[in-house]
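Q: Make one complex out of these two single chains by using the hints.
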Amino acid sequence: MQISGARMVIEALIKEGVTKVFGYPGGAIMNVYDEIYKQKDFEHILTRHEQAAVHAAEGYAKASGKVGVAMVTSGPGFTNAVTGLADAYMDSVPIVVISGQVPMSLIGTDAFQEIDAVGISRSCTKHNYLVTSAKDLPRILKEAFYIARSGRPGPVHVDIPKDVTADIAEFDYDFEVELETYKPTTKGNPRQIKKAIEAIAEAKRPLFYLGGGVINSNAAEEVRELVHKTGIPAVETFMARGTLRYDDELLVSMLGMHGSYAANMAMSETDLIIALGARFDDRVTGKLSEFAKYAKVIHVDIDPASISKLVNAHYPIVGDVKNVVSEMLKLSDKIDPDRYESWRETIKNFDELHPLTFYEDSQNIKPQWVIKRVGELLGDDANISTDVGQHQMWTAQFYPFTRPRQLISSGGLGTMGFGFPAAMGVKAAVPEKISINFSGDGSILMNIQELMTAVEKNLPVINIILNNNFLGMVRQWQTLFYDNRISETDLSMQPDFVKLAESFGGIGYRVQTKEEFDKALKDAVKQNKVAIIDVVVERFENVLPMVPAGGSLFNMMLLEKKEK
Amino acid sequence: MSESIRRVISVIVVNEASVLSRITDLFSGRGYNISSLTVAPIPDTKYSRLTIVTEGSLRVIEQIVKQLHKLIPVLRVYDHVDFVEKEMALVKFSVDEDISDIAALCEAYNGKIANSGDNTIIAMVADEPKRVSNFLNIIKRYNPKEIVRSGAVALER
Chain C
1 MQISGARMVI
11 EALIKEGVTK
21 VFGYPGGAIM
31 NVYDEIYKQK
41 DFEHILTRHE
51 QAAVHAAEGY
61 AKASGKVGVA
71 MVTSGPGFTN
81 AVTGLADAYM
91 DSVPIVVISG
101 QVPMSLIGTD
111 AFQEIDAVGI
121 SRSCTKHNYL
131 VTSAKDLPRI
141 LKEAFYIARS
151 GRPGPVHVDI
161 PKDVTADIAE
171 FDYDFEVELE
181 TYKPTTKGNP
191 RQIKKAIEAI
201 AEAKRPLFYL
211 GGGVINSNAA
221 EEVRELVHKT
231 GIPAVETFMA
241 RGTLRYDDEL
251 LVSMLGMHGS
261 YAANMAMSET
271 DLIIALGARF
281 DDRVTGKLSE
291 FAKYAKVIHV
301 DIDPASISKL
311 VNAHYPIVGD
321 VKNVVSEMLK
331 LSDKIDPDRY
341 ESWRETIKNF
351 DELHPLTFYE
361 DSQNIKPQWV
371 IKRVGELLGD
381 DANISTDVGQ
391 HQMWTAQFYP
401 FTRPRQLISS
411 GGLGTMGFGF
421 PAAMGVKAAV
431 PEKISINFSG
441 DGSILMNIQE
451 LMTAVEKNLP
461 VINIILNNNF
471 LGMVRQWQTL
481 FYDNRISETD
491 LSMQPDFVKL
501 AESFGGIGYR
511 VQTKEEFDKA
521 LKDAVKQNKV
531 AIIDVVVERF
541 ENVLPMVPAG
551 GSLFNMMLLE
561 KKEK
Chain E
565 MSESIRRVIS
575 VIVVNEASVL
585 SRITDLFSGR
595 GYNISSLTVA
605 PIPDTKYSRL
615 TIVTEGSLRV
625 IEQIVKQLHK
635 LIPVLRVYDH
645 VDFVEKEMAL
655 VKFSVDEDIS
665 DIAALCEAYN
675 GKIANSGDNT
685 IIAMVADEPK
695 RVSNFLNIIK
705 RYNPKEIVRS
715 GAVALER
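So the protein sequences, as listed, match chains C and E. Per our numbering, the very first residue in the first sequence carries number 1; after that it's consecutive. Per our numbering, the very first residue in the second sequence carries number 565; after that it's consecutive.
So here's chain E without its partners, still in its complex pose (with noise of 0.2 Å):
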């Protein structure tokens, strides 16, 4: 087998109901694989767009394109080559932790405390999935109470 690459694919569908589970039940059927994977619809139209973070050799991605075209609700897919890609991740920790450190470590990863309530705060960032990984790699050593990454999106440029 090839090689296994990371690819970023969008997928316009038809906003209706059971679509999301059709994409999904393709991936799981046929074996491939979703690293992450958002949706919301599209204001203002009857469509709804899908980011899906995927692995497989070039011959499975080519596959998936195809196979996500074939579903009868799918609009478009986008398998993206030049685009810009954002996460954002939501992060609890203890006000008793250093909040000051944790804020100037936000806003290097473009993000900041968007919460602080009695016991906790919520920080919160949003930049390249990778970079979201190395802040909460970095992050670690406040003891982050819970942790949510809210799957890639991207446009092509």
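The shape of chain C in the complex, shown without the other chains (with noise of 0.2 Å):
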């Protein structure tokens, strides 16, 4: 059928599926907006700011497992949305980002709100497009959300001029996307698989090392199945969080810059890694000549350029983690629980010399409590997404994840901001859980608009603010690392969330003590409103254990055991 570039944007969303589209209109996007106003297939959700439309796309990929998708209009509307491609970049999340472009004619003429969009984005995204006819456009897309969602996963930019949104051509979208060029590698090698065996099998300290290539492709069940039939322990990346539940005896908590004593030491002690869907990142090595001296590497990844970049992989398999761990499976009657049993116990000795966990020592509502607390009351009922700082790390240690996706956090780009607009794509893709932010004092100001949209499109998220008065871990760094002098990041000077929550439509709660947060948690939750829960915490609470940046990961600076 002949139609305008603008309608195929539309139709292609509705072939692929689309539910929900977070955006922002602007001026060389408008055609696209006129049809989105002609709809009724999906849902446009107005945020406030274009970062926040990309990282609520996010939020929507991550707790779902489909591509979201973002709309922003050209200039000032694209530039605001790359730290979400940055963001999804990093994190391997699969979006699709439209953005307007001043027409043809004007490209290169420094026209009104024309930046070079794929320029920028280039170096961001997992592939781009600026589109230059109408008649590309479906196939552009298509091969958009398949390069988005394929192999390893990623956000892929497309840059529409206006003037090609207005063209008429003909769409056809019911084709195959074929790319000469990219075919990725979902199957691994049965000879490397099978020598990852044997040598599973002879290894005395095996560990698995899981990292966020296991929710991404959706692998979790396979791995929790793998780990209890070999009785193997295992560590988790940050990413990796909930791929198993908190209480496996076989899981040994993070590792990494605040993983917990127990698996650092495991994962220093270990003979064979075997890293599935993990990237072996400065945070959860700390330095590299220290790293797992003793092991061999087995390491199963999508991306051939994440093996052997950092750490040199014995056992390189390419190949999507649910694959290779499936093929793992049926091998594994050669492998011997039994074989592991000193080891394991070697694990639950170093668990019980510094266990994860935090001294109630002050009058103030330790923000570690909080978390925990958050936990007892709805656990599994909840979806969490964070923000970035120490109660980014605390959600991590402290929370009782029982299922993959169920934390939803930036985790290698670290973007401040990122945990309540995550938070409203959470709500959008997964309702019928509780939508929690933990944030800090910091980070919810970097995108409090977004109070606007949720209470507008109805997307209850309850955030929740461990309120130190400080941009609390650069002030942790500064209190270890810089002989105290607290550089700009006393945060003293606040507003009064309370009234900000209720300016916009929702509720606030101001809490001290822990009764009132109960209170607060339960009323919230109950309203099923936008809220913040603003808790007032102990300040000077610092993130333990803690790995120095660049030291080794067996050097942590460790909790002062106390007396109960």
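These are computed hints drawn from the structure, not numbers from a lab. Check each hint, because a few of them may be wrong.
What the hints assert, rightly or not - Using 20 Å as the maximum straight-line C-alpha spacing, the simulated EDC-like pairs for lysine to aspartate or glutamate come out as follows:
no., chain 1, residue 1, chain 2, residue 2
1, C, 229, C, 333
2, C, 348, C, 338
3, C, 135, E, 580
4, E, 610, C, 143
5, C, 309, E, 643
A: Set out below in structure tokens:
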């Protein structure tokens, strides 16, 4: 059929099964918004800032496993979206961002709201397109969705000049995407898999090292089965939280800079790392030359470039984690779980020596208590988003995660302001779960305008601010490494968060005691409205354990033991 | 860090807008080095061929190859091991220099006088990059006015 470029965008979104689009209109994308006005197949959610639109699309994608979509205009609309693209790129989140561009005839003339969008997005997207003709649109849009979700997922940016959305051309979406130059390997090499199994069977102290790829490939179920069949302990990265249940006996918590003592020691002592969809990020490994010195490495990843990038892999397996783990399961009879009994015992002793915990030793609420308490009250009923900083690490340490895609956070890029808009996207994708956003008094203000979106679209996110009047994580580093020179991190000057929430039509609570917190959370859940719970917490609490940046994983600053 | 080695890498890419930027952005963004780069379409196909001379440790070279592969319009990447490599250079001299000496030198480096004008001549050589460097070193005594090197091209044997 012959339709306009703008209409093609709508048709393509419908054919891709998109139900929510997050966006913000403007001059160059108006033709598309005119078509959005005329359709009823998907809901457009108007955020109050383009960055939030992309984070919301990310939240939607991470929670649902489907491709998230954001739409913005040219120039500043696009540049505001760049942080979201970069965030999605670092965390391999499948999203498609469609931006308007000035008409073809004006490109290169420094026209109003013109910017070289594809030039900017090139280094922070999996792929990008500048559409130069309406007849290319169906192919490009279909490729964009295909590239975003296949292989190692990632953001794809499609920049469409205004005249291209106005032009009429033939629309045919009924074809298979065939890209001669892009064919991700999803099936692992059977010989390599066999060798890996043999290596596991011979190892004395093997350790599963689970990364975000497990979540992305929907492999948690298979991974749980493999872990239990083999009896091999597992550590999770921040991105993999929820792969194993928090109470799983074989889970040794999170590893890395703020990982548990047991997890980091297990990683330092293991003789065989079984890395599944993990990428040996610097926040995980600490000092590379001291990292897992005794270990051989099995590395399963869909992205060949992740393998042997930082840590040499002795058994590289390129493939989709779900596929590879399914194949490993078929051979897992060769592995005797009893063989690792003393290794499991060793790790248990590590954990008993320095368990992941905190002390209630002040008048004030401890931030960790808040996380734990929400876990006790809501547990599996909540999806958890976070912003970035101390509260994020405490969430990873203390929330009792029970399933994959329960924790939605900005890992690689560490984007403050991610949490609230992402939580809206999560709520839009999974309305039956309570959407909690743990935030700090720094992060929350970075996308606070989204209160309006959430209230308008009835996306009842409960924002829990662990308020220590500090940019806490930076303050922690200043205390520990900069001789306590608190440079520009004191956030004592604050808005009244209760009135702030109320002024947007949400509910606000200011909480100073545990009793007040319980009451506030229960009330917020019951009222099912957009809420801010502003919790006054101990100001100077540090996130521990901590591996100082560039230090060895086994050299942790630990919580000082206290008599109970 | 392990020792830095010189490496010649050929990349076959779909001949489309901004594909060259994707390659060069990858190098600059990840801190890889480009010593030389040539690019031209492959006749009768929709592809172009780039030849990149780079330097880095073995791990870096491996990453370069893998990261290039990851780019969507990249069809193939050759990390050359056993290959023929040539580079061309053009050099402009004044006609007052000893032209017959220059011509003889050119011949030794697989070249010739490519053009002669009223005031200047242009010499051309095509040889292995190392030999081209030698040539350019030797002809310094004839006061070259302008020098251009093409960058290397290579084919695996």
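Q: Hints first: check each against the structure and report whether it holds.
A: Results of checking the hints against the structure:
1. C:229 with C:333: 8 Å, holds
2. C:348 with C:338: 15 Å, holds
3. C:135 with E:580: Within the cut-off at roughly 16 Å; holds.
4. E:610 with C:143: 18 Å, holds
5. C:309 with E:643: Holds, because 17 Å separates the two Cα atoms, which is no more than 20 Å.
Checked against the numbered hints above, the structure breaks none of them.
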